[in-house]
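Trainee: Chain residues, written in single-letter form:
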Amino acid sequence: MTRYVNGFFFTPVALGRVAAMRFLAGLFVWIEWWAYKPFIIQHRFLPEDLYQPLLIGRVLPIPAPNYWIVTGTLAVCLAAALPVMFGYRPRLFGWILFIAYFEWMLIYNSYGKVDHASFGFMVLLLVLCMMPAARWGDREHVSERVGWGFNLVQIAVVCTYFLSTWSKFRYGGFDWADSGVFTWAIIRRGTVFSDWMLDFPQLLTAAQWGMVAFELLTPLVLFVYPWKRIQYAIIAFFYAFHVAIFAALTISFLPHLFAMACFLPLERVDPKDLARRARAKLKGRKGSPDQHERGGTDPELTATG
Amino acid sequence: MAHPCHTLAVDTQYATVRPRGRAVRVTISLVVVALVTATTFWGGDDFFPFAPFKMYSSSMELDGWAGSTRVEAVNEEGERFKLTEAATGFRRAELEGQKSRFIENPALLEYIAQAYENTNPDKPEIVTVEIIERRYRLEDGHQTGEVTEVVEAAYTREGADA
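Respectively, the protein sequence lines represent chains A and B. Sequential numbering from 1 applies to the first sequence in my numbering. Sequential numbering from 306 applies to the second sequence in my numbering.
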């Protein structure tokens, strides 16, 4: 039992995953401002009177966003994301990115609507600040500290699902799943993939029950950590779920999807090695040189020879 | 940041966490879970980033009206058009979040006109802003086809004859 609990929080993770997650985190920051346009960046044009500061915005001396604050915050986010992505002074720029991104989230959420897709991503940016420098494909160095950090992100990702059902019970009542909420959602933002469902309200009710069951079961993905294959299969299911939601309602949950990637064994991805192998393949030499080069980075081989 | 274990060299093959570090870290994890769980049940959006995950958490009656809100504007030249998110930078969800404010004091819609003019400085100015809700009648979850529109708040600039 103690061993299981210890493993739950501190299963060591290879540093290669840190490099991969830094790249993905920075990449998302570059994608988000553009993908979410006109929203967020357009907040620079909003009069101050529409600003509804959150608690943290009232407690900390954070000024109401204006044209230059919004533009400047984005510029700092984008500038800091680049060195983080490529592992240059990743902690220093990680902190700058985290702080700037947090301000960006305040600009995002301080006008009457708080979204909840970014919780896991914000935790990811925070834990990445505390992780050591890392290079892609490093499976040689493993760390329990890194394991703990990603575990916290994973917990945040699961909370996003699990607690959202409790929010549904709180705000919508226990009969949320029997209500017409999906009908309403599709009327508001349906697509060709979902509009036809309006004719089948029983199907939508079933989907609502399925949603509640799915969200309440999500913590399982944390508890099955000793069985990686099961865990990866569940994560694959999560991604498929979001593809379906996006097709039906164009709700993307993009930051959440990026944070969730830390469940995956991304330390196995080594772009340099892939490029080397691709080059070797192009030259038609698949045999010994390729094998030989790979030996340098493969921990299993170095360990024995 | 002053974790006791940071004195360990980073470049070891296997970086462990010592017992005290473990206790600190497990505590941090539990506090994060506790905070976000607490605001799920008792808090509100105000406690962001520890806010309830409440997207589509409201219930909708199977027999009743499902509403869809939009903002329309009339400009100086008398043209009526929909004020989209792209035109103002103010999202529909944000408008709905502050809707009670606008209904209570429609003069606040002036700020939406300002947002539009800041975003589109070259276009004719707006004289009227209206929040309109289109309501679809549902019976047993089916749309009956019955639709009504209600102007929930309207504002016209002083001196304008719209």
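Do not rely on the hints blindly, as some may be mistaken.
[Stated by the list, open to error] With a straight-line cut-off of 27 Å between C-alpha atoms, the simulated DSSO-like cross-links for lysine-lysine are:
1) B:LYS428 x B:LYS387
2) B:LYS404 x B:LYS387
3) A:LYS281 x B:LYS404
4) B:LYS387 x A:LYS228
5) B:LYS387 x A:LYS113
6) A:LYS228 x A:LYS272
7) B:LYS428 x A:LYS281
8) A:LYS37 x A:LYS113
9) A:LYS283 x A:LYS272
10) B:LYS428 x B:LYS404
11) B:LYS428 x A:LYS272
[Unchecked claim] With the Cβ distance kept under 10 Å, some of the chain B side facing chain A (calculated, not the full set):
12) TYR319
13) ARG325
14) PHE352
15) PHE355
16) PHE358
17) PHE386
18) THR389
19) ARG397
20) ILE408
21) PRO411
22) GLU422
23) ASN423
24) VAL432
25) THR433
26) GLU435
I should point out that these hints are in silico values taken from the structure, not numbers from a laboratory. Just so you know, even glycine gets a beta-carbon here, dropped at the ideal spot from N, CA and C.
Trainee: Hints first: check each against the structure and report whether it holds.
Mentor: Right, here's what the structure says about each hint:
At most 27 Å may separate the alpha-carbon atoms for a hinted pair to count; LYS428 (chain B) and LYS387 (chain B) meet this at roughly 14 Å. In summary, the hint linking LYS404 (chain B) to LYS387 (chain B) is supported, as the alpha carbons are separated by about 17 Å, within the 27 Å threshold. At roughly 61 Å between alpha-carbon atoms, LYS281 (chain A) and LYS404 (chain B) are farther apart than 27 Å, so this suggested pair is violated. Note on LYS387 (chain B) and LYS228 (chain A): the hinted pairing is violated, with a Cα-Cα distance of about 51 Å set against a maximum of 27 Å.
A C-alpha spacing of about 21 Å is found between LYS387 (chain B) and LYS113 (chain A), which places the hinted pair at or below 27 Å, so the restraint holds. A hinted pair counts as satisfied when its Cα atoms are at most 27 Å apart, and LYS228 (chain A) with LYS272 (chain A) qualifies at roughly 26 Å. A threshold of 27 Å between alpha carbons decides the hint, and for LYS428 (chain B) with LYS281 (chain A) the separation of about 57 Å lies outside it, so the pair is violated. With a C-alpha separation of about 16 Å, the suggested pair LYS37 (chain A) and LYS113 (chain A) falls inside the 27 Å cut-off, and the hint holds.
For the proposed pair LYS283 (chain A) and LYS272 (chain A), the alpha carbon gap of about 17 Å is at most 27 Å, so the pair holds. Among the hinted pairs, LYS428 (chain B) with LYS404 (chain B) is consistent with the structure: their alpha-carbon atoms are about 26 Å apart, no more than 27 Å. Proposed proximity of LYS428 (chain B) and LYS272 (chain A) is contradicted: the alpha carbons are some 51 Å apart, above 27 Å. Among the interface hints, the one on TYR319 (chain B) holds; its C-beta lies about 6 Å from the nearest C-beta in chain A, closer than the 10 Å criterion.
Violation of the interface hint for ARG325 (chain B) is found here, the shortest Cβ-Cβ separation to chain A being roughly 13 Å, above the 10 Å cut-off. Among the interface hints, the one on PHE352 (chain B) holds; its C-beta lies about 6 Å from the nearest C-beta in chain A, closer than the 10 Å criterion. Because the beta carbon of PHE355 (chain B) sits about 8 Å from the nearest beta carbon in chain A, less than 10 Å, this interface hint is met. Among the interface hints, the one on PHE358 (chain B) holds; its C-beta lies about 4 Å from the nearest C-beta in chain A, closer than the 10 Å criterion.
Checking PHE386 (chain B) against chain A: minimum C-beta separation of about 16 Å lies over 10 Å; hint violated. Taken as an interface hint, THR389 (chain B) checks out: its beta carbon lies about 8 Å from the nearest beta carbon of chain A, inside 10 Å. This hint holds: ARG397 (chain B) has a C-beta 8 Å from the nearest C-beta of chain A, less than the 10 Å allowed. Nearest Cβ of chain A to the Cβ of ILE408 (chain B): about 13 Å, over the 10 Å cut. The hint is violated.
With its C-beta approaching chain A no nearer than about 14 Å, PRO411 (chain B) sits outside the 10 Å limit, and its interface hint is violated. The interface hint given for GLU422 (chain B) is met, as the beta carbon of that residue sits about 9 Å from the closest beta carbon of chain A, less than 10 Å. With a least beta-carbon distance of about 4 Å to chain A, the hint placing ASN423 (chain B) at the interface is held under the 10 Å criterion. A least Cβ separation of about 17 Å between VAL432 (chain B) and chain A goes past the 10 Å threshold, and the interface hint is therefore violated.
The criterion of a C-beta within 10 Å of any C-beta in chain A is not met by THR433 (chain B), whose closest approach is roughly 18 Å, and the hint is violated. For GLU435 (chain B), the shortest C-beta to C-beta distance to chain A is roughly 17 Å, which exceeds 10 Å, and the interface hint is violated.
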